[in-house]
Amino acid sequence: MSSLKELQDLIHEKYGIEPSKLDPHASMRETGGLDSLALAEFLFAIEDHFGITMPDEDASIDTLAELALLVDKVRTAKPA
Amino acid sequence: MNRHEVAVTGLGVMAPHGDEHAALFQALLQGRSAIQPVFSELPKPAAAATLAFDETRWFTKLQLAGVDRVSQLAVAAADLALRDAGLAVVSDADPERVGIYAGCGMGGAAALEAAYRGNGRVSPLTIPAFMPNAPAAHVAMRQGVLGPVLTYSVACASSSVAIAEAAKAIQRGEVDVAIAGGSEALIVPGVVLAWQAMQTLATFQPGEAAGAVRPFASDRSGFALGEGAAFLVLESAERAARRGARSYATLAGWGLSSDATHLTKPDAPGQARALRQALRQAGLQPRDVGYCNAHGTATRIGDVVERNALAQVWGDDLGELRVSSTKALHGHMLGAAGAIEALITVLALHHRQLPPNAHCNEIDPACDLNLVTQDDTAAPALEAAMSNSFAFGGTNSVLLFRRA
Chain A
1 MSSLKELQDL
11 IHEKYGIEPS
21 KLDPHASMRE
31 TGGLDSLALA
41 EFLFAIEDHF
51 GITMPDEDAS
61 IDTLAELALL
71 VDKVRTAKPA
Chain B
1001 MNRHEVAVTG
1011 LGVMAPHGDE
1021 HAALFQALLQ
1031 GRSAIQPVFS
1041 ELPKPAAAAT
1051 LAFDETRWFT
1061 KLQLAGVDRV
1071 SQLAVAAADL
1081 ALRDAGLAVV
1091 SDADPERVGI
1101 YAGCGMGGAA
1111 ALEAAYRGNG
1121 RVSPLTIPAF
1131 MPNAPAAHVA
1141 MRQGVLGPVL
1151 TYSVACASSS
1161 VAIAEAAKAI
1171 QRGEVDVAIA
1181 GGSEALIVPG
1191 VVLAWQAMQT
1201 LATFQPGEAA
1211 GAVRPFASDR
1221 SGFALGEGAA
1231 FLVLESAERA
1241 ARRGARSYAT
1251 LAGWGLSSDA
1261 THLTKPDAPG
1271 QARALRQALR
1281 QAGLQPRDVG
1291 YCNAHGTATR
1301 IGDVVERNAL
1311 AQVWGDDLGE
1321 LRVSSTKALH
1331 GHMLGAAGAI
1341 EALITVLALH
1351 HRQLPPNAHC
1361 NEIDPACDLN
1371 LVTQDDTAAP
1381 ALEAAMSNSF
1391 AFGGTNSVLL
1401 FRRA
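Residue numbers (the numbering used here), protein chains in the order written: chain A, 1 to 80; chain B, 1001 to 1404.
Don't read these hints as lab results, they were simulated from the structure.
Only a predicted model underlies this, so the values are computations on that prediction, with no experimental measurement involved.
Take the hints with a grain of salt, since some may be wrong.
[As the list claims (entries may be wrong)] For lysine-lysine, the following DSS-like pairs were computed, each having C-alpha atoms within a straight-line distance of at most 27 Å:
(1) B:Lys1061 / A:Lys21
(2) B:Lys1061 / A:Lys14
(3) B:Lys1061 / A:Lys5
[What the hints assert, rightly or not] Chain A stretches covered by chain B per the calculated footprint, using a threshold of three residues with CB under 8 Å from any CB of chain B:
(4) 8–19
(5) 27–38
[Said to hold, decoys possible] One side only, chain A facing chain B, incomplete, derived with CB under 10 Å:
(6) Glu41
(7) Phe42
(8) Leu43
(9) Phe44
(10) Asp56
(11) Asp72
Beta carbons: idealized from backbone N, C-alpha and C, even for Gly.
Based on the provided sequences and hints, a complete structural model is requested.
This is the structure:
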């Protein structure tokens, strides 16, 4: 399972950023223009979208690929 | 100390009547009300003046993260004011010598309402969206303003006080350019319910919301809430002349006073103190002032007290002062009220035309004033005009403008 595509779609829907404009391996803060406030709101949206609770260590996440891995992990661990 | 004359060189508005100040002024001259029913789901009928706002004109979706409507409207109105003044007004200025003086009564009401209604899911950006100084901060970030960025929260007088404080800073030469005004956006069910509980909102029959607010009329029953933002660009008259800017008016005097009597009940002597102070500062006599944009909330007590305050100061000349409350048409914009009404007063002076006091078919004898009527809006000899803002909390603010 990879959540990357869904995250890209969510970023597009929410912030109007095309998937091609945001390299999954680049810093979302530096190249995506998502500052700390926008990222906090995006994590909140991810929780709503997937029905999950993100762990607190997500503050260290810097790229979309890392974020997708974390979301995968949480979704896998989530009880059915 | 050399005191600068304060020129008004830019006007920007996001009003229930639209985002062009010329169109707003025309609508007011024609007596067009923007008040209409809202929130039909509430137990008691409610009416308000809301505006259609296309936020994509000023924000990308990403920029909207955590930006409440109250800040969005401020960013838009301030931007329009700067464009009106000519963008060089700021781009040619030292950014450390540009200031923002913004009024806001409540802050991001929609953010708070969403937090309460989220069934436990609360946006992590609720606090930065809600804080009352967010509008000023967003304007500063948008325009690159590095000088004083200040918020005045003085209920219904917030943005009038903000403009007075901005004028002081220009007068003393503390800043070269001031972006002064305010914003309010609290037309959400929870806040409307709270105002209904305060018993100050106008009652109305079905289909008659537009004419619900009747300042100084015998049958008045209170005000309707409005949302919006308005900003004025202030700079010294010398600077305005140097850059060839159009000056709409001179902000010649202002008066700030406190009732210190009651939290919500207005007080004529307190209001009269602010009126006298504004006249004194402008070096004008009461008879020199041809128009007063009244606070005129159309509450039973407020209109009488304001009339009495004007009578105390104007005395035998009261009949010469033409008065109207435009809240009948754009609603009570609370923290933005002082700014939009100052803007309307400036336009009245500029065009020498007065917006009528709408919906007053029969004047209350206790509010005996020379009200502007729909069929008599011309004021060819108008030289000075003022805007009154009297707040819950007892703070009174009067802005007095002269023709440039």
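Checked hints:
This hinted pair checks out: Lys1061 (chain B) and Lys21 (chain A) have alpha carbons roughly 15 Å apart, not beyond 27 Å. Using a Cα cut-off of 27 Å, the hinted pair Lys1061 (chain B) and Lys14 (chain A) holds, with the two alpha carbons roughly 7 Å apart. For the hint linking Lys1061 (chain B) to Lys5 (chain A), the alpha-carbon distance of about 20 Å falls within 27 Å, and the restraint holds. Coverage of the stretch 8–19 of chain A by chain B holds in this model, with 4 residues showing a Cβ closer than 8 Å to a Cβ of that chain against a need of three.
Using a Cβ-Cβ cut-off of 8 Å, 4 residues of the stretch 27–38 of chain A lie near chain B, which meets the minimum of three, so the contact claim holds. This hint holds: Glu41 (chain A) has a C-beta 5 Å from the nearest C-beta of chain B, less than the 10 Å allowed. Residue-level restraint check for Phe42 (chain A) holds (minimum Cβ-Cβ distance to chain B is 8 Å; threshold 10 Å). Given the 10 Å rule on beta carbons, the hint for Leu43 (chain A) holds: about 8 Å separates it from the nearest Cβ of chain B.
The criterion of a C-beta within 10 Å of any C-beta in chain B is met by Phe44 (chain A), whose closest approach is roughly 5 Å, and the hint holds. With a least beta-carbon distance of about 12 Å to chain B, the hint placing Asp56 (chain A) at the interface is violated under the 10 Å criterion. Given hint, Asp72 (chain A) at the interface with chain B, is violated; its Cβ is 22 Å from that chain's nearest Cβ, farther than 10 Å.
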